[in-house]
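*Asks:* Join these two chains into a complex; the hints should help.
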Amino acid sequence: MMPASLMERAAPVAFTLGLGILWEAICWLFNIDPIILPAPSAIAESAVTHWKPLLRHSGATMWTTLAGFAIAVAFGVVLGMVIGWSRAIYRGLYPVMVGFNSIPKVAVVPILVIWFGIGEIPAILTAFLISFFPIVVNVATGLATTEPELEDVLRALGARKLDIILKVGIPRAQPYFFGSLKVAITLAFVGSVVSETIAANAGIGYLMSVAGTNFQMPLVFAGLIALAIEGIAMYALFAFIEMRTTRWAFRSSFAAGT
Amino acid sequence: MTLTYAGASGDGVTAVQGLDLNVERGAFAAVVGPSGCGKSTLMKLATGLVRPNEGRIAVDGALVKGPVKIAGMAFQNANLLPWRTIRDNVLLPLEIVEPHRRRFRRNKADYAARADRLLALVGLDGFAERFPWELSGGMQQRTSLCRALIHEPALLMLDEPFAALDAFTREELWCVLRDLWARIGFTVILVTHDLREAAFLADTVHVMSARPGRIVASRAIELPRPRALDICFEPEFVDIVHDLRSRISEVRQ
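Which chain is which? The protein sequence lines are A and B, in order.
As numbered in our numbering, residues 12 to 269 make up the first sequence, in order.
As numbered in our numbering, residues 2 to 254 make up the second sequence, in order.
Just so you know, the hints here were simulated from the structure itself, not pulled from any lab data.
Note that this is a predicted model, so its numbers are computed, not measured.
Here a beta-carbon is modelled for each residue, glycine too, at the ideal position from N, C-alpha and C.
Any given hint could be a false lead.
Said to hold, decoys possible - Here are the computed lysine-lysine pairs in the DSSO-like style, where the Cα-Cα straight-line distance is at most 27 Å:
#, chain 1, residue 1, chain 2, residue 2
1, A, LYS178, A, LYS193
2, B, LYS109, A, LYS172
3, B, LYS109, A, LYS178
Unchecked claim - Derived, one-sided and incomplete: chain B residues facing chain A with beta-carbon distance under 10 Å:
#, residue
4, ASN78
5, LEU93
6, VAL98
Stated by the list, open to error - Rough simulated footprint, nothing fancy, chain B against chain A, three-plus residues with beta-carbon under 8 Å:
#, segment
7, 152 to 161
8, 164 to 177
Isolated chain B, as found in the complex (with noise of 0.2 Å):
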C-alpha cells in the first residue's frame, strides 16, 4: 500500500502541505505531532472522505477518489449506536459493505458468530448481548475496534483511538491492538499524540510538523517482536520515546 500526498487545504486554511507518507502493506505505522497539526485530516485524506486540493493518494495502488470502502475507522469516542446490542454494533459494517451487504440477511447466524469470535478476541466474551451503556468506556473502545475491523478492512485507521481512557485500560488496550494486528494483519494507520504508545506499537513513527502538517522526519522502531507491556521501561525504549520528544519540541518552535 501506497499514499502519497502533496498537499491539501481546507477553507483558507492549509491543514496539511507537501505531507508524504508511505506506508507498506501490513505494516503498523504510528503519526504523532503537536495538536492541531493536521493529523485528522491526514486521516480524512487517507480514507478518501476529503479529496486533496494538490497530489494524490493512492491505497493499494490505486487512486483514491472518494471514500475508499475498505477503510475501518476507529476513534476517541467509541461511537457506539445505543439501541443496538454490543454484536450488532460490531456488525453494522457488514450492512454496508459489499459482498456482506447482499448476504447479510441471509448468512445473519454466520456473521454473528463471527462478530462474537472477535469480541472475544479483544476479551469481551459474553457481552455480545449487552448494550454499550452496560459497559465501562475501555470496553466500548473495544466494541469500537471490532466495528472497525469486523469487515476484514485493508486499512484500519486510528485516530488517538484510547486518548480517553485511564492509564491501566489504555495499556491494556494497548496489548489488544498489538494481538489483534499480529494475528489478522492488517495495514494501521495509528494518529497518536502519546508517544509511548506510537513506539510501543508502530513499526515506523511518523512526527508531524505543526500546521501546515507535513511529516519531518520517520522513526523505524526495531524493537523486537512480540512486545511485552515491560519493554516501555527498557532504556532502549525510553531512548526512542526521548528522540521522538525532542524531534516534536522542535517542530513546535
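For reference, chain A alone in the conformation it holds in the complex (with noise of 0.2 Å):
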C-alpha cells in the first residue's frame, strides 16, 4: 500500500499513462484506421521522425503566444487599474467590454489577414485580442473590491486616492491578477494557434493544417500533443509564479471570502 501523499502525487502520471494505454487499445482492438485516429504508438514515432520541424513550429508557436499575451498584460494591466479607479469610467467602458469579448476571436482573424498580411502579426494580435479580457476583468474586480472601511480609515488620515490605490489596491488585486494570467496564457495559446492554422507560414497550427491535408494524421495528432504540453508547461508556470507572489491570498481566508 502506498503512503497516500505518494499516490496522490503519482496520480497525474497514472491517469496520463492508463489514457495513453487506453487509446493505444481501443486502435489496436476495432483496428481504427490511422486516417481517422491514429495510436500514441504512431503519433510518438511521428514525432520522432518530424522532430526538427515540430520544435522549429512549436517555436514559432510559443512566440508569437508570448507576444501576445505579453502585450495583454500591458494592456490588461493599465486598462484594469483606469476601469478599478473609477466608477464612472467602469459603467462605461464595462458593456463595449462585454460585447467585446463576446465576438468569437475567430471572426476577426480574416480583418487582421487584411490589415497585416499573411504572418505572425495576426497571431501576435489574436493571441492578445482573446487573452486581455480575463486580466482586465481580474485587475478592475481587485482595485474595486476595496473594502470601503478600510477605505475610510485610510481618508480620515488624509490619504488621496492614489495613496489608496498604491497600499491597498495594487497588492490587493495581485492574487486576481496572478490568478487571471493562467487563464490568459492558455486564451493566447488559442488566439495565436486559431490564426496560424486560417492564415501562417509558420507554428504548430500552420503544421498541423499543412500536415491534415496532406492526411499525415499521426503529426497532426502529433501537433496537438505539443500544443498540450507547451500549454501544460506556461499554464505550470504561472500557477507557480501565482503561488510565490501572493502567498498570502492562499493562506488567509481572503482568496475565499471574496
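*Replies:* Right, here's the structure in full:
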C-alpha cells in the first residue's frame, strides 16, 4: 500500500499513462484506420521522425503566444487599473468590453490578415485580443472591491486616491492578477493557434493544417500533443508564479471570502 | 475639542438631524443607541468623510471641511492588510500622514520600534513578524487599535470595535483600551450598542434616538478611575446601565 501523499503525487502521471494505454488498446482492438484516429505509438513515431519541424513550429507558436500575451498583460493591467479606479469609467466601459469579448476571435482573424498580411502579426494580435479580457476584469475587480471601511481608515488619515490605490488596491489586486495570468496564457495559445491555422506560414497551427491536407494524421496529432505540452508548461509556470507572489492570499481567508 | 452637528442627510434618508455633541479634549465619550440610528454616519461626519448638508463640525476649534487627517479609526472588522505583517499593518498610517510620510523611509527603524512598543502595550509582544491570518480575532482587533493610534491622533473614532468578539475577549480589550487611554490621553468617541461597554469605559455616555438620529440624553459616568472589571457588578454601575437601558427603550418606541 502506497502512502496517500505518494499516491496523490503519482496520480496525474498514472492517469496520463492509463489514458494513453486505453487509447492504444482501442485503436488496436477495433482496428481503427490511422487516418481517422492514429494510435499513440504512431503519433510518437511521427513525432520522432519529424522532431525538427515540430520543434521549429512549436518555437514559432510559443513566440507569437508570448508576444501576444505580453501585450495583453501590459494593456490589461493599464486598462484594468483605469476601470477599477473610477466607477464612472467602469460603468461606461464595461458593456463595451463584454460586447467585445463575446465576439468569437476567429471572426477577427480575416480582418487582421487583410490589415497585416499573412504571418505572425495576425497570430500575435489574435493571441492578444483573446487573452487581455480576463486580465482587465481581474485587475479591475481587485481594485474595485477594496473594503470601504479600510478606505475610510485611510481617508481619515488624509490619504489621496493614489495612496489608497498604491497601498491597498494594487497589492490587493495581485492575487486576482496572477490568477488571471494562468487563464490568459491558455487563451493566448488558443488565439495564436487559431490564427496560424487560418493564415500563417509558421507555427503548430500551420503545421497541423498542412499535415492535415497531406493526410499525415499522426503528425497532426503530434502537433496537438506538442500544443498540450506547451500549454501545460505555461500554465504550470504561471500557477507557480502565482503561488510564490501571493502566498498570503492562499493562507488567509481572503481568497475564500471574496 | 468641540463637535457640533446641526443636521445631515444622505440620499433621501435623513440619517441624523439636530445632533449636538460636545466632546472635550482628552475625554472619553461613548455614543449608544438603537440599531440604525445613524451612529456610523456620526463617525463619518466627525472625521470629515461625509459633509453635513446643514450645520457645522469643528475639531480642535477648526471647522471640518474635508477628511480631518488626524483621526484614527477602528471598526468592527479589524480590516488588516493580509499581505503585511502585523508590524507593517500598524505602520500603515505613518506612510500616509504628514510629517511621518516624508521621514518614513529614513527613520524606518525608529518607527518600527515605536510600533513594537505600542504592540507590547496591548499585549502583542513578539507578534510583529506574524501575519494577520495567524492571529485570533481579538489579537487582530488589538492590532487594529494600534494602527488607529500609531500616529498619535488627537481623535480616536471607534465604531463598535469589540462587537464581533466573544464576551471574555471583549472584556479583555476593554481593559486594553482603558489602559491605552489612561496612558496616552487621546480623545475618544466610541460608538457602541453595548451599554456595559459604554458605562465601563466612558466619561460621558450619549444616547441617540432612532432615525433621524439625535442626542436625546447625555449622562456623565462618575465612577472613580482607574476602573477595574469588577466594577461591572457594583450596584452603582448596574444602576447606570439600567438607566441607560430605559432611555434607549424610550427612544425605540
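*Asks:* Does each hint fit the structure? Answer for all of them.
*Replies:* How the hints compare with the structure:
1. LYS178(A) - LYS193(A): Measuring from Cα to Cα gives roughly 25 Å; hence the hint holds.
2. LYS109(B) - LYS172(A): Answer holds: LYS109(B) to LYS172(A) is near 24 Å, not above 27 Å.
3. LYS109(B) - LYS178(A): 17 Å, holds
4. ASN78: 6 Å, holds
5. LEU93: Holds, because the Cβ-Cβ distance from LEU93(B) to chain A comes to roughly 7 Å (cut-off 10 Å).
6. VAL98: It holds, given that the least Cβ distance between VAL98(B) and chain A is near 5 Å, below 10 Å.
7. 152 to 161: This one holds; 3 residues, not fewer than the three required, reach chain B with a Cβ under 8 Å.
8. 164 to 177: With 8 residues in contact (Cβ-Cβ under 8 Å with chain B), the coverage given for the segment 164 to 177 of chain A holds.
Violation of the numbered hints given earlier is absent; every hint is satisfied by the structure.
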